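Trainee: Residues per chain are reported as follows:
Protein chains: 2
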Amino acid sequence: MPIRLDSADPDFEQRFVQLLEGKREASQDVNDTVAAIIADVRRRGDVAVVELTNKFDRSHVAPDTLAISADEIARAAASVPDTIRAALQTAHDRIWAHHVKQKPEDHIYTDHLGVTLGTRWTPVDAVGIYVPGGLASYPSSVLMNAVPAQVAGVARIAMVVPTPNGEINPAILLAAQIAGVTEIYRIGGAQAVAALAYGTASIARVDKVVGPGNAYVATAKRQVFGQVGIDMIAGPSEVLVIADGSANPAWVAADLIAQAEHGAGAQSILVTTEKGLADTVAAEVDRQLALLPKQEIARQGWDEFGAIITVASLDEAALLANRIASEHVELAINDPQGLLPAIRHAGAIFLGHHTPEAIGDYVGGSNHVLPTARSARFASGLGVLDFMKRTSILGCDPSSLSALSEAAVTIAEVEALHGHGQSISIRLNR
Amino acid sequence: MPIRLDSADPDFEQRFVQLLEGKREASQDVNDTVAAIIADVRRRGDVAVVELTNKFDRSHVAPDTLAISADEIARAAASVPDTIRAALQTAHDRIWAHHVKQKPEDHIYTDHLGVTLGTRWTPVDAVGIYVPGGLASYPSSVLMNAVPAQVAGVARIAMVVPTPNGEINPAILLAAQIAGVTEIYRIGGAQAVAALAYGTASIARVDKVVGPGNAYVATAKRQVFGQVGIDMIAGPSEVLVIADGSANPAWVAADLIAQAEHGAGAQSILVTTEKGLADTVAAEVDRQLALLPKQEIARQGWDEFGAIITVASLDEAALLANRIASEHVELAINDPQGLLPAIRHAGAIFLGHHTPEAIGDYVGGSNHVLPTARSARFASGLGVLDFMKRTSILGCDPSSLSALSEAAVTIAEVEALHGHGQSISIRLNR
Numbered sequence: 001m002p003i004r005l006d007s008a009d010p011d012f013e014q015r016f017v018q019l020l021e022g023k024r025e026a027s028q029d030v031n032d033t034v035a036a037i038i039a040d041v042r043r044r045g046d047v048a049v050v051e052l053t054n055k056f057d058r059s060h061v062a063p064d065t066l067a068i069s070a071d072e073i074a075r076a077a078a079s080v081p082d083t084i085r086a087a088l089q090t091a092h093d094r095i096w097a098h099h100v101k102q103k104p105e106d107h108i109y110t111d112h113l114g115v116t117l118g119t120r121w122t123p124v125d126a127v128g129i130y131v132p133g134g135l136a137s138y139p140s141s142v143l144m145n146a147v148p149a150q151v152a153g154v155a156r157i158a159m160v161v162p163t164p165n166g167e168i169n170p171a172i173l174l175a176a177q178i179a180g181v182t183e184i185y186r187i188g189g190a191q192a193v194a195a196l197a198y199g200t201a202s203i204a205r206v207d208k209v210v211g212p213g214n215a216y217v218a219t220a221k222r223q224v225f226g227q228v229g230i231d232m233i234a235g236p237s238e239v240l241v242i243a244d245g246s247a248n249p250a251w252v253a254a255d256l257i258a259q260a261e262h263g264a265g266a267q268s269i270l271v272t273t274e275k276g277l278a279d280t281v282a283a284e285v286d287r288q289l290a291l292l293p294k295q296e297i298a299r300q301g302w303d304e305f306g307a308i309i310t311v312a313s314l315d316e317a318a319l320l321a322n323r324i325a326s327e328h329v330e331l332a333i334n335d336p337q338g339l340l341p342a343i344r345h346a347g348a349i350f351l352g353h354h355t356p357e358a359i360g361d362y363v364g365g366s367n368h369v370l371p372t373a374r375s376a377r378f379a380s381g382l383g384v385l386d387f388m389k390r391t392s393i394l395g396c397d398p399s400s401l402s403a404l405s406e407a408a409v410t411i412a413e414v415e416a417l418h419g420h421g422q423s424i425s426i427r428l429n430r
Numbered sequence: 431m432p433i434r435l436d437s438a439d440p441d442f443e444q445r446f447v448q449l450l451e452g453k454r455e456a457s458q459d460v461n462d463t464v465a466a467i468i469a470d471v472r473r474r475g476d477v478a479v480v481e482l483t484n485k486f487d488r489s490h491v492a493p494d495t496l497a498i499s500a501d502e503i504a505r506a507a508a509s510v511p512d513t514i515r516a517a518l519q520t521a522h523d524r525i526w527a528h529h530v531k532q533k534p535e536d537h538i539y540t541d542h543l544g545v546t547l548g549t550r551w552t553p554v555d556a557v558g559i560y561v562p563g564g565l566a567s568y569p570s571s572v573l574m575n576a577v578p579a580q581v582a583g584v585a586r587i588a589m590v591v592p593t594p595n596g597e598i599n600p601a602i603l604l605a606a607q608i609a610g611v612t613e614i615y616r617i618g619g620a621q622a623v624a625a626l627a628y629g630t631a632s633i634a635r636v637d638k639v640v641g642p643g644n645a646y647v648a649t650a651k652r653q654v655f656g657q658v659g660i661d662m663i664a665g666p667s668e669v670l671v672i673a674d675g676s677a678n679p680a681w682v683a684a685d686l687i688a689q690a691e692h693g694a695g696a697q698s699i700l701v702t703t704e705k706g707l708a709d710t711v712a713a714e715v716d717r718q719l720a721l722l723p724k725q726e727i728a729r730q731g732w733d734e735f736g737a738i739i740t741v742a743s744l745d746e747a748a749l750l751a752n753r754i755a756s757e758h759v760e761l762a763i764n765d766p767q768g769l770l771p772a773i774r775h776a777g778a779i780f781l782g783h784h785t786p787e788a789i790g791d792y793v794g795g796s797n798h799v800l801p802t803a804r805s806a807r808f809a810s811g812l813g814v815l816d817f818m819k820r821t822s823i824l825g826c827d828p829s830s831l832s833a834l835s836e837a838a839v840t841i842a843e844v845e846a847l848h849g850h851g852q853s854i855s856i857r858l859n860r
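Chains A and B supply the protein sequences, listed in that same order.
Counting in our numbering, the first sequence runs from 1 upward without gaps.
Counting in our numbering, the second sequence runs from 431 upward without gaps.
It is possible that part of the hints are untrue.
What the hints assert, rightly or not - If you want the footprint, here are the derived chain B segments under chain A, 3+ residues with CB under 8 Å:
no., region
1, 584-594
2, 791-800
3, 844-854
Worth flagging that the hints you see were computed from the coordinates, not collected in a lab.
Computed from a predicted structure; not experimentally measured.
Beta carbons: idealized from backbone N, C-alpha and C, even for Gly.
Only chain A is shown next, with the shape it has when bound in the complex (with noise of 0.2 Å):
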């Protein structure tokens, strides 16, 4: 059962805070093996790749194998059926229109000193995508990952994906070929990470390193941070629907049991003003998980993780929202556009009573890849940002030179850092 609580209970902060810092994930301390692994694979390169792999995945690679070739990709992408492939383009041109418009524009500009003062944006060259490997191995995170980083311009986009037992999902591999992305390796776990990171004789370094994974990924993204860039350490999935009296319970049940039957963590819950539909609602979840195949996992996790919390208000719904700061929020109410303003910490918000989160994941055109674990206090989704960078642009001449002048040797002169005065000083026709 999942847990109830009310904002009227005398101890209601006190169970908030316990669900709010609650552990949805088993903490594995692998910082010391995946420290290993990098080493090892920046020591011996390919070698301890295809050692690694072979061992953990149960596969025979060979460094010529590591690479899957064109035309193994283009034979497993001909097997999906074009029910498949249709879906998948279609999910694959949404997102990429609606990521177009994410580009951002250079501004430059002189101001009234005449100093030129600007911002310009490039594409990293190089990036690497994770994509997981076995239960959780999504082609809709292919097109996720790749599309924003193809329309941010990036010249090469090279994709690992374990395959464990030697097998892959096909689907994988022509999401992968809708998207444009030719440079796929057979690799996963730190040893891909640091591969990405660093580089062999067959896989070239990346500058930055996107994508989910399980601990030992989340870890090797850690550690190599710095030697490349990083989207984000990913947690479980998770879910905040905010459902008023107009709500269809039925619909509200089916939005909290797709986010429960993520597992691995995966937190489903309902904020709601009506006691009424706390129960209906948690009826219906009984009643549709009863006929869902695969129900075992979406029932542990909305049994262990899964909470119904009923408010005096939606302005009170909305505090707890910021508080809970959820990666997806589902406004299941009469006037979404009235609360959006107040919700101010979440990676999604999804409007009104037909926009059930799963659209997003696929075909809405935003992105899934979303900030979890309460850190959409501080991140964003992945977008097309997350494949440029900002340069600074600074030109002075002689006149705004020395019109600065007198403000900026003063300031170095406190610092003590003499030869950043002189810098300027030297400039100037006394």
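Chain A is fixed; fit chain B onto it per the hints.
Mentor: Only chain B this time, still in chain A's reference frame:
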């Protein structure tokens, strides 16, 4: 003596890679020490912070004197001469005026199917700014970190600054006063980062920690990443000056010295098309160094990490610049605008003979917190966007949900997420 390379030399590539990969910092493995400090602060809160501060900073703080009082800030600030106040105020106002232009705009639109899509920006609630103590304690850095946060609309800015032997540069407190930062703690090191990330009884936790620091601070930031956001892992400062025959050798020499005087692994590189200029600049550096107060640090930095590279053309200079991906790139050439598009990887670019890098450190208006150690390949300087985050907005009506449903349900089935498909199908009237 700095190293001298010529791109025409047969061993150039090998020696250039050596330069590129040369370590400029002792790589201290302080992971375990830092992990223990963070765990201690999480467990014992203020008591741990006070103990560690009194031990490492040889000071005498208690939980109720961790915060620097409003009185103390006012007194210190008032003790600073008016010329310095005026210079810092000028810097503040110019940094503010430039960063205001970085404020992003929300973009929400409806597509041809009737789907509402968009990006909304909101500020981070609370930010911690780390300001180093001792030698590299710069009032300008207070402004460069605090002003973008203020412009972003961050409601709470908490600053930490270690006060070794109980001492603090009053100009640091003046800069905080000018920037409107009123919450300041006299703590530093990993314990300060831990207190900001997890909170103690007297220091409320923040959502993001920014600012440079030593190996302990950098490692602590890496370890708390995820619990809070961080800006970057800062390394030694660096400049790359690209000069042609139009450059003034004395000015170029002054800029190379200004960078080298940061010490601690700071690196100055000159790339020039003119062999004669290379020789003259080398001699000028020696001449000017002899006149510099505190010349030892700059001389040591220049001798140990400095480099002069002669190349055949400015195009070749740009290629090398992109491989070096320097924090600062000066274009001391006749046509800086002409070369600008070719320089793709740089934290900041300084245009022409009258833009010494030092002007950007203080009063140019652009930010001086910039990516180091080749991270300009994937990272940007500090700006307003670092203190905000994007939330995706998605909204469907019955008609647009229906139009998207087939593709979405198809992908859900491919991914074996039947609950996802069900959350869409259940909303369709059939």
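Trainee: Next step is simple, just say for each hint if it's right about the structure.
Mentor: Status of the hints after comparison with the structure:
no. : hint    : in the structure
1   : 584-594 : violated (count 0)
2   : 791-800 : holds (count 8)
3   : 844-854 : holds (count 11)
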